[in-house]
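> Go by the hints and put chain B onto chain A.
Chain order of the listed sequences is A and B.
Under this note's numbering, residues 32 to 309 are what the first sequence spells out, in order.
Under this note's numbering, residues 473 to 793 are what the second sequence spells out, in order.
None of these hints come from the bench; they were simulated from the model.
All C-beta atoms, glycine included, are put in the ideal place defined by N, C-alpha and C.
Among the hints, erroneous ones may be present.
[What the hints assert, rightly or not] Pairs of lysine-lysine, DSBU-like flavour, derived with a Cα cap of 35 Å:
1) B:K546 to A:K254
2) A:K254 to B:K604
3) B:K604 to B:K687
4) B:K573 to B:K546
5) B:K739 to B:K573
6) B:K687 to B:K546
[As the list claims (entries may be wrong)] Footprint (simulated), chain B over chain A, 3 or more residues, beta carbon under 8 Å:
7) 33 to 42
8) 125 to 133
9) 221 to 234
10) 256 to 269
Below are the chains, spelled out letter by letter.
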Amino acid sequence: MNAATANLRRRASTTLHYTVLVAVALLCAFPLLWTLSAAIGTEGNVFAFPSSLLPQRVSLANFIEVFRVVDLGRYFFNSIWITFWTVVWTVLVCSLAAYPLARLHFRGRRLVFAVILATLMLPTEINFLVNFITTTHLRLVNTYAGVILPTLAGAIGIFIMKNAFEEIPQDLLDAARVDGASELHIFFRIMLPLALPQIGALVILTTVTSWNNFLWPSVVLTKSNLMPLAVGILELSGTFGSSTRVIAAGAILTVAPALIVFFFAQRFFMRGMEGAIK
Amino acid sequence: MMADSARLGVPDPGNAPGPAGAIDRRMRATGGARPRAKQARQAWFFLAPALLLLLVFTFWPVLWGSILAFTEYKIITPPTWVGLQNFEDLLDDPVFFISIKNSLLYLVIVPVIQLGAIVLAVLVNNSLPGIKLFRAAFYMPVVTSVSVVGIMWGWMYNEQGLINAVLQWLHVINEPIGWLSDDRLALFSLMLVTLWRGLGWYMVLYLAALQSIPKDVEEAAVLDGANRWQRFWRVTIPMIMPTILLCTVLSTLSAMKVLEEVLIMTKGGPVSSTYTGLYYAYDQGIRAFNFPRALAASMVVSVFCIGIAWLNFRFLRPRHR
Chain A
32 MNAATANLRR
42 RASTTLHYTV
52 LVAVALLCAF
62 PLLWTLSAAI
72 GTEGNVFAFP
82 SSLLPQRVSL
92 ANFIEVFRVV
102 DLGRYFFNSI
112 WITFWTVVWT
122 VLVCSLAAYP
132 LARLHFRGRR
142 LVFAVILATL
152 MLPTEINFLV
162 NFITTTHLRL
172 VNTYAGVILP
182 TLAGAIGIFI
192 MKNAFEEIPQ
202 DLLDAARVDG
212 ASELHIFFRI
222 MLPLALPQIG
232 ALVILTTVTS
242 WNNFLWPSVV
252 LTKSNLMPLA
262 VGILELSGTF
272 GSSTRVIAAG
282 AILTVAPALI
292 VFFFAQRFFM
302 RGMEGAIK
Chain B
473 MMADSARLGV
483 PDPGNAPGPA
493 GAIDRRMRAT
503 GGARPRAKQA
513 RQAWFFLAPA
523 LLLLLVFTFW
533 PVLWGSILAF
543 TEYKIITPPT
553 WVGLQNFEDL
563 LDDPVFFISI
573 KNSLLYLVIV
583 PVIQLGAIVL
593 AVLVNNSLPG
603 IKLFRAAFYM
613 PVVTSVSVVG
623 IMWGWMYNEQ
633 GLINAVLQWL
643 HVINEPIGWL
653 SDDRLALFSL
663 MLVTLWRGLG
673 WYMVLYLAAL
683 QSIPKDVEEA
693 AVLDGANRWQ
703 RFWRVTIPMI
713 MPTILLCTVL
723 STLSAMKVLE
733 EVLIMTKGGP
743 VSSTYTGLYY
753 AYDQGIRAFN
763 FPRALAASMV
773 VSVFCIGIAW
783 LNFRFLRPRH
793 R
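Only chain A is shown next, with the shape it has when bound in the complex (with noise of 0.2 Å):
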């Protein structure tokens, strides 16, 4: 075998590479860029093959029309809301547990995290029934704080937050200690400063899981000027007199901000997952 044809094989070989990967990202895709078309186009029949593909007459009419049809703004605050607590909390409520549990001394350490480690192994899809049981008794019910509670401390993020401040090195906490500063000076002035990087990971990780967030929020919450967008889209295509146009306008709007943020931080969500298999 010559180089010519050597040549000839390796990019015979590159080319079938390119064509299954084009191939299995268009079937990967395809879902998501149709919807996108419906929902920018405005004539013609919206399921015609092909010429359903790319749309005729581009304008942004569904989007002003979606808004009118449900009340797509309030969905769009509630998913904003709920989103922005459930970050904010969840991240204090996972690098507070990982603190004592990276850096300090008590009896019961390692029990507590067996116990940490043992929810990943709970069947917690089921968890669902009891806990509406629990949060009608707690009257949290069509409450925000009825969605977010449940979902706040995880064994994924208290395990990225351990792994972040357990790399701080000893020298700083000694000195705050001579200094005098209390325990909670050191968490908040020393350790989350540091952890930073591993912050922005749990924040991206923690935002994309809640925005897209449905079977617990469309459980918890009855009342629709209360859900997400994940939850009021149906709502929307249950609505009488929605065409699919403006339904895709309604799904597009509900899945970009989490597909922007993925696209931004691609490598955060790799990161994130083998961290948390690890």
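Just chain B now, kept in the frame of chain A:
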């Protein structure tokens, strides 16, 4: 032990070096609590919020749920013990049998999703131009909210929808197929959605495993004259076996617990053909407010999950000679 306590910042009385010993003395001098006891109290103060939330929303449901499954309970009145009555009711309900059968049938997607994810991970485990864009594209379904996934695939599967339009345009079929309205097809249509949603997630896990294979192992195989195919089966697969085991268990469990796709796209229909174990529990609990029956059903699903996870570990564990 000494190294450990030094790392944890514990003043080690007796042989503590410099600053730690100094704090120790100072704290004694100022008459405060003994440092260890004080640190322990502070540790629990820091842990309290997380532990309280975990207790109420993670451990309590498992415990209380397992008890409520043996009671009659309507939320407003205290539960009364009824023994196995709820489980007997389940056995009398043909829909429950369909649900369990469907949940087990759902497991056929596990090998498909795992093989697909491994192949994708191998395809993107290189530095070809644009490869990051492809990785992102494959991961996109994972970061798309499941409600929107359900709506979009509803359009794809619609009788006048995209899939039928494409197939008719290609002249593969003459009459549109009722992907979600035909009770023989609906469950398989849902499986395809679950597959579409999960592929990217497992791909990332496998990609991480592939990237941790030492380069020299691969190179040694090349030097030994192994071709691509042999390298894949004899080197790559054995090296990522722990990840395969983990992912298989994870995807088996999530296949057994499929709920959201059913809830959003079919609500168990047509004619109960897409009920799954957890959708049955959801339907009984959240819609019909029959929580004990719902919890009994979810206990049955959990038992199946534990059994299947155990089988996975038994048969996929890497064997050492």
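> Are the hints correct? Go through all of them and say.
How the hints compare with the structure:
no.: 1; hint: B:K546 to A:K254; verdict: holds (22 Å)
no.: 2; hint: A:K254 to B:K604; verdict: violated (41 Å)
no.: 3; hint: B:K604 to B:K687; verdict: holds (21 Å)
no.: 4; hint: B:K573 to B:K546; verdict: holds (29 Å)
no.: 5; hint: B:K739 to B:K573; verdict: holds (17 Å)
no.: 6; hint: B:K687 to B:K546; verdict: violated (61 Å)
no.: 7; hint: 33 to 42; verdict: violated (count 0)
no.: 8; hint: 125 to 133; verdict: holds (count 6)
no.: 9; hint: 221 to 234; verdict: violated (count 0)
no.: 10; hint: 256 to 269; verdict: holds (count 6)
In the structure shown, a violation is registered for the earlier hints numbered 2, 6, 7 and 9, in ascending order.
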